[in-house]
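Participant: Protein chains in written order, with the numbering used here: chain H, 52 to 536; chain R, 52 to 536; chain U, 52 to 536; chain L, 52 to 536.
Just to be clear, a hint being listed does not mean it is correct.
All copies of an identical chain are treated as equivalent in the list; a pair is satisfied when it fits inside any one copy or across any two copies.
Unchecked claim - Each computed DSS-like pair below joins lysine-lysine, with the alpha-carbon atoms no more than 30 Å apart: (1) Lys161 <-> Lys423; (2) Lys423 <-> Lys68; (3) Lys492 <-> Lys104; (4) Lys58 <-> Lys242; (5) Lys492 <-> Lys262; (6) Lys203 <-> Lys482; (7) Lys423 <-> Lys505; (8) Lys485 <-> Lys262; (9) Lys389 <-> Lys515; (10) Lys262 <-> Lys515; (11) Lys530 <-> Lys515; (12) Lys530 <-> Lys379; (13) Lys391 <-> Lys333; (14) Lys210 <-> Lys242; (15) Lys509 <-> Lys389.
Hints listed in this document are in silico derivations from the structure and should not be mistaken for laboratory results.
4 protein chains.
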Amino acid sequence: MALLVEKTTSGREYKVKDMSQADFGRLEIELAEVEMPGLMSCRTEFGPSQPFKGAKITGSLHMTIQTAVLIETLTALGAEVRWCSCNIFSTQDHAAAAIARDSAAVFAWKGETLQEYWWCTERALDWGPGGGPDLIVDDGGDATLLIHEGVKAEEEYEKTGKVPDPNSTDNAEFQIVLTIIRDGLKSDPKKYTRMKERLVGVSEETTTGVKRLYQMQANGTLLFPAINVNDSVTKSKFDNLYGCRHSLPDGLMRATDVMIAGKVAVVAGYGDVGKGCAAAMKQAGARVIVTEIDPICALQALMEGLQVLTLEDVVSEADIFVTTTGNKDIIMVDHMRKMKNNAIVCNIGHFDNEIDMHGLETYPGVKRITIKPQTDRWVFPDTNSGIIVLAEGRLMNLGCATGHPSFVMSCSFTNQVIAQLELWNERKTGKYEKKVYVLPKHLDEKVAALHLGKLGAKLTKLTKDQADYISVPVEGPYKPPHYRY
Amino acid sequence: MALLVEKTTSGREYKVKDMSQADFGRLEIELAEVEMPGLMSCRTEFGPSQPFKGAKITGSLHMTIQTAVLIETLTALGAEVRWCSCNIFSTQDHAAAAIARDSAAVFAWKGETLQEYWWCTERALDWGPGGGPDLIVDDGGDATLLIHEGVKAEEEYEKTGKVPDPNSTDNAEFQIVLTIIRDGLKSDPKKYTRMKERLVGVSEETTTGVKRLYQMQANGTLLFPAINVNDSVTKSKFDNLYGCRHSLPDGLMRATDVMIAGKVAVVAGYGDVGKGCAAAMKQAGARVIVTEIDPICALQALMEGLQVLTLEDVVSEADIFVTTTGNKDIIMVDHMRKMKNNAIVCNIGHFDNEIDMHGLETYPGVKRITIKPQTDRWVFPDTNSGIIVLAEGRLMNLGCATGHPSFVMSCSFTNQVIAQLELWNERKTGKYEKKVYVLPKHLDEKVAALHLGKLGAKLTKLTKDQADYISVPVEGPYKPPHYRY
Amino acid sequence: MALLVEKTTSGREYKVKDMSQADFGRLEIELAEVEMPGLMSCRTEFGPSQPFKGAKITGSLHMTIQTAVLIETLTALGAEVRWCSCNIFSTQDHAAAAIARDSAAVFAWKGETLQEYWWCTERALDWGPGGGPDLIVDDGGDATLLIHEGVKAEEEYEKTGKVPDPNSTDNAEFQIVLTIIRDGLKSDPKKYTRMKERLVGVSEETTTGVKRLYQMQANGTLLFPAINVNDSVTKSKFDNLYGCRHSLPDGLMRATDVMIAGKVAVVAGYGDVGKGCAAAMKQAGARVIVTEIDPICALQALMEGLQVLTLEDVVSEADIFVTTTGNKDIIMVDHMRKMKNNAIVCNIGHFDNEIDMHGLETYPGVKRITIKPQTDRWVFPDTNSGIIVLAEGRLMNLGCATGHPSFVMSCSFTNQVIAQLELWNERKTGKYEKKVYVLPKHLDEKVAALHLGKLGAKLTKLTKDQADYISVPVEGPYKPPHYRY
Amino acid sequence: MALLVEKTTSGREYKVKDMSQADFGRLEIELAEVEMPGLMSCRTEFGPSQPFKGAKITGSLHMTIQTAVLIETLTALGAEVRWCSCNIFSTQDHAAAAIARDSAAVFAWKGETLQEYWWCTERALDWGPGGGPDLIVDDGGDATLLIHEGVKAEEEYEKTGKVPDPNSTDNAEFQIVLTIIRDGLKSDPKKYTRMKERLVGVSEETTTGVKRLYQMQANGTLLFPAINVNDSVTKSKFDNLYGCRHSLPDGLMRATDVMIAGKVAVVAGYGDVGKGCAAAMKQAGARVIVTEIDPICALQALMEGLQVLTLEDVVSEADIFVTTTGNKDIIMVDHMRKMKNNAIVCNIGHFDNEIDMHGLETYPGVKRITIKPQTDRWVFPDTNSGIIVLAEGRLMNLGCATGHPSFVMSCSFTNQVIAQLELWNERKTGKYEKKVYVLPKHLDEKVAALHLGKLGAKLTKLTKDQADYISVPVEGPYKPPHYRY
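Only chain H is shown next, with the shape it has when bound in the complex (with noise of 0.2 Å):
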């Protein structure tokens, strides 16, 4: 694909697959937003007003039709947005044309590669000689990082002359993301620091982005605000648990048909995902094994029915490995070869680390066979037997399927609407310094209330009397911070 910027005739830039999709991204999109009644409701309560009135908003978040009812909540408000996907394979074609063509500046196509991908990021940090963005709206934190280490190249080129050097890393993404550095540096030397000076802040979506932020809060090099969405109880508590409850089948079908029931399913981790693909392997039938590091963690899973154990007393009796850590080497081409024929690798945690791909792909006389578009069989010379790995290790819901559903993504994206809209109002009131913020527990309810009409509930009220007995307010909040639900 020529990675040349198009034009809708109304002059907005985008760059995606193919353009004749809009229509059945438009229906699909359509559909998403009666799932989706927190964003909706945005629309209705703030739309009027548009408080984003002004405000420039790249995101750099899996492209799909959820994140397109996000993007269209987002312009509802008044905001200008520029888009790319935050992982080369979970751009939804459909949905990435329908926004390009009626809504906002698109980068993202499914399949991209590691190149394609930064291209597209810088793209969407790119807001030409206007200046911007103002917020970012962030999903593993990508595009604070290169906003991060683009300032860092620039500080470093300014007092020193030196530009960054790619072959400084073995890390083959981090060498591209120097290599883009370096290059901008020719051009303009400034252009990161420029966004940073700008820029009121970032939301950010997942677990290992907030890592990122956290550990450059400890540091002192954070450079903007940050909102912590993921630890948001409707974030954290839905999308990882339930969302992944739904979709590791989902993907596990689409990609392999497998019948899940009666197979050995090993779980790695059991944090809030772990713990959703846990309960959708159990209730499809499988028994389950979960490898743990965290000793809570693991009586938890204990106290499921489940077993606890180390992936080498499993891997070679298991059916279906699936990786949910946040944390890298977890399967490694060692195991891989110990496994049964045609045993399911996948991941639905972090980045393509989680599964030692390098090592897959390197070993002596491996064969890959592509079964069809992120369904690959790998096969080891010696043995002569293959095992399956699914989206190459990256995350499988949205390569091998359509990513969460949208109702739980509404959660989600509407506590990315409410941080965004919290850093806007505040930009000038300094109530957000240079750190890591988790939205109040008093919002982090009202995004919960908002999706519970649409299911049929119906809330009780605590009388005054009772609201004094357990001393909380009879709107709420109605639970201390440290509560774990």
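Following the hints, put chains R, U and L in place on chain H, whose structure we already have.
Facilitator: What follows is chains R, U and L alone, placed relative to chain H:
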């Protein structure tokens, strides 16, 4: 699609969508083989003796990847095979291509018209001058129906010279059947009579087809022996139950991406299929309401914590409706008009008459919006509210997903192979009269046994003393015929 | 306890533990009545016509609160009743007291010796000079056995003058049976012969009892008609399954207070009882391993995510062992020796020979520590490790808890009432020969229907058109006899 | 029961129901030890160094078998202990007897009056002339409350000579507290002041008790340091959740023998306790309806397929009502009047004021029929319909069954031991001020780790490289403080 039979280089007839998908089909067939231990065991056990040598088998059964493994098991045992699908949406085109190229005469593609469907059925039955088939593998009974109707017409024609009148019926599909027979009478007035005389027997897969067979047996009109494969325990208590438990959510997810958790799902019918569907919806976090006519099945639903109500009670508050009854007129257009906007309506039971598609299509002012193939939104003019109908009211797991997974189909299809072998081996002994038979329990137990190793199970063995104590042979069968499992 | 028959002020015989518990029993009987809609409907429907007028019914069936409601349903319909328990531990003494005081001749208490047990059975069969019984309600077949053995002995005695020799058998319990018969022969050498001549028939409750009846039918030794109540769907698929799902954890908790979550539970046998037990353990958070001889049941277990192994594979790592097989010699003393300290061993299937109690009791140096009645810790001398055996190897749900709950027993017992009515009403028509019969399906469906209202269910009604389409009567029965539910 | 302190032969004080049950208690304590690996590990790790040498510990916590193992862990570590129950129905008399005989001064029996209850609490705090306690183990905060109220009264008395007036409150129980304090003032006007001066701290077990402590901290009235054990993950996410999942059905079964399957169960509150209760009812086959004030918890219930409604919506159709809120006035007498006949009403959350027992007891014409202790049927005069109230509205799992099982209590109580150790070890360092503290995460993880071996679990170990990648120490703690599990 022009209805012209094509030929492979080896001269075998076929008609499929796209022969270039044969390689992809082959790859998926190879994956499926690993998941179908019962069929592969049949190849190992019976292949060397070529028991089907000389047998011509016609199959009318969803032309999927799993069926491909069945077909190639039949050919591996010596049979010559012609095949069509038993549902206009259920063919997987890559499976059809691989089989057409490599193994058997296939006439099937996804999205046939009814006209095309019956043309394919005729082709599968048409063995040319040499005559045939000897055996039929049937699913739903359409091949059997065509022969029975054909013979009836030929007898009438011989006696009275009268040909069938398509206008004698309201049923659009049956009109096509009569037309085909009428047109055939002119060129060959003994075609079906010769077929029935040669036919050794049929083995039938489904509840619906079996019901037809028992009716013909009761009426004394059954023309050849039939083995009821549906009521093997290893078929009806596995395929119907666990197959649907797998493929209902699969179909829902692929067609609509809707979040099942939190929704209200109505399952019409709580037989084996309904039990599987209700379990799937409950496990995915839906609240399930069952409708039933049979008080025993209703009481079973209650014992599982499901509510039992009538469709009228819940039609306006549920989100997902699934018919599993094997009956007609379950969800009528008047029900559909009262449903919530974007309620999902689908059928996994039987023919498309479980849902009143005719009423819907002819409702004044109704608007059909095709989101994507097999996913239509129907908007009523008065309410401007829409419902989503899957697979045009036909089996949604085959129309919107890929049907049941390989492992459970291996159980069903191993029964088919054993039934075909039994019919063929006994073709000259008179063991089977023109009646409907069930496979003996020791073969049923054998089918199960062939599937245990793949799942790592180890059986306990009775001692002689224990076997005597409960009055069974050490090697089984272990249960009386009336045992319900 | 001295074995003397006592009499109420009204002159009715009884022998119970403590008549002062009658008021407590009455209160619980009244609670149970609300939970037993099937039995209460029988009283309403049949009570006025007093169909059992003149009938003398002997029951041998766990003398619990639920059985009390059964007995008082029989008396409400006009019968005269004598009763004993069919298990030495299963009597609830307050239920026995209430019935003895108010309604029927009861001979039963919790914790009978085997000697006492058979004395009670004799008493329940002893209707005095007027003769009787006319009908038997049996559970496990002990009343039926005693009569059959008695008749056999009387015939032998008449022919040869020989009396039974208790030393002819190793089985301690059967020695008692023979002793009773031998001793009876002296005083009345025609007692059992007269009984069998008068007897209209027996209705039998359990898998075990039914198996005995079919064996006698096969051998041609069955002395009177029998109705197999066990195989009514509303019995075996409810009582066996849902009853055990309820009462297994109940018994475990009352006996041991052990936390089930996180434990490994082995369920021997995956029939209806085993399915209920496995479901209960899984739901409570245990990891469940099933042992099976039948490949079909084994495959069902696998489809539910349960592991299928042999007892030998897991004997040293499991925490809870439950036998449900209906066979003998399932858990032997050599297994028990290898178990973890304080492993729990119990039987919910059949007689106490599922567990090798004899081997345990006679193991050299073994020490029995009674924690409380029906909960014993047995310590092996070599390992100093102990296991916990419930109810001395007898049915633990009746020994350690209160058996199945009222609602599910209402299903079983309504079948009993209907079976008794059927036998009695047809006593002169010759409809029932000396064979084993199952109740017709419409009565089975009726039993279910009587239990729906209590749970708030509403049935759907077939239209005539729909009924014709599936070839059933509008009012049922809806399923063919071979249908498995 | 005359309120006279008795003495063992060794001179230790006690007051229990029946000392002859001590042997039975000892046997059950020995069983429990095998199930409480956390406590037993504390004995092994800390016993030799006798860290509690010289410490006088007063406990106010359900005097059950599990608590017995806690008490003997404290004494094994060198402490001297006095104990009372924190609930009038929760004592297991055999446990109390065994501890009184062997290990500590116990004042507790099942079925205390409120008067007796507070007398016991006084006795547990009364260490005689030598003074004490040094530490308090509290559950619900009653011991802490008595000291705080005592000190308040003594201060007022010293200042103004005024004594507390029991008539100043409507609350019957608080009247007793004030009476006790008033009467004590006469004999020793500095008793509680001396106590608070000596007290090193309290560790508190429950949500309710912790809430009181945080209120006192907020008001500045907290008199000594407190460790909030409730909010250890290994307490609130285990005991509250999995403990109740076990003990709710246990209590229901023992009290009523009611079949849970098929019933409609209303769970008021969906916190940790409510989650456990709802899971238990759902698993047992009930249809569960949740009532909630908090939209987040409500949304969680919906995601699990539970209906969320108000009590008013369902009061007349549900069968079982369980309160878990920690608030008051949840089920009022007006609700109870509208319930179905024999609806079951019980509380597993908090004090007996969750249920309007006062309204019920004083309802004109209401009739109380005691089925058995802790199981009462209350009949309303107007409807002649009754409801069944368990444990007089107090914690039904302790009143009707035996509370939570040993294994989960081992988690909770290991936190207690660690908290007590922490307070005692730091008694002179000033580490703990008059505030409420939570145990650090590494101790929480340690508690979990101590419970894994018993369940056969094996943890995965991080490599240094992996630990660095996610920025945690190799040996933990692994999660940030805000992590919700």
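Participant: Indicate, hint by hint, whether the structure satisfies it.
Facilitator: Now the hints, each set against the structure:
1. For a Cα distance limit of 30 Å, the shortest separation of lysine 161 from lysine 423 qualifies both inside one copy, at 14 Å, and across copies, at 19 Å.
2. In this homomeric assembly, lysine 423 and lysine 68 come within 30 Å of each other (Cα to Cα) both inside a single copy, at 18 Å, and across copies, at 18 Å.
3. Taking CA atoms no more than 30 Å apart as the test, lysine 492 paired with lysine 104 passes inside one copy only; the shortest distance there is 27 Å, against 45 Å between copies.
4. In this assembly of identical chains, lysine 58 and lysine 242 lie within 30 Å of each other by CA distance solely inside one copy; the values are 23 Å within and 64 Å between copies.
5. In this assembly of identical chains, lysine 492 and lysine 262 lie within 30 Å of each other by CA distance both inside one copy and across copies; the values are 21 Å within and 18 Å between.
6. Taking the closest pair of Cα atoms, lysine 203 and lysine 482 come within 30 Å of each other only inside a single copy of the chain (26 Å); across copies the shortest separation is 42 Å, beyond that limit.
7. When the C-alpha separation of lysine 423 and lysine 505 is checked against a cutoff of 30 Å, the pair qualifies only between copies, where the shortest distance is 25 Å, while the shortest distance within a copy is 37 Å.
8. Taking identical chains as interchangeable, the C-alpha atoms of lysine 485 and lysine 262 lie at most 30 Å apart only when both belong to the same chain, with a minimum of 15 Å there against 34 Å between chains.
9. In this assembly of identical chains, lysine 389 and lysine 515 lie within 30 Å of each other by CA distance solely across copies; the values are 24 Å between and 63 Å within a copy.
10. For a Cα distance limit of 30 Å, the shortest separation of lysine 262 from lysine 515 across copies, 18 Å, qualifies, whereas the shortest one inside one copy, 40 Å, does not.
11. Proximity of lysine 530 to lysine 515 under the C-alpha cut-off of 30 Å is restricted to the intra-copy arrangement: shortest distance 16 Å within a copy versus 37 Å between copies.
12. Only between protomers do lysine 530 and lysine 379 lie at most 30 Å apart by alpha-carbon distance; the minimum there is 16 Å, versus 35 Å within a single protomer.
13. Both within a single protomer and between protomers do lysine 391 and lysine 333 lie at most 30 Å apart by alpha-carbon distance, with minima of 20 Å and 27 Å respectively.
14. Taking the shortest Cα distances, lysine 210 and lysine 242 sit within 30 Å of each other inside one copy (16 Å), while across copies they are farther apart (73 Å).
15. For the homomeric pair lysine 509 and lysine 389, the shortest alpha-carbon distance between copies (20 Å) is at most 30 Å, but the shortest distance inside one copy (52 Å) is not.
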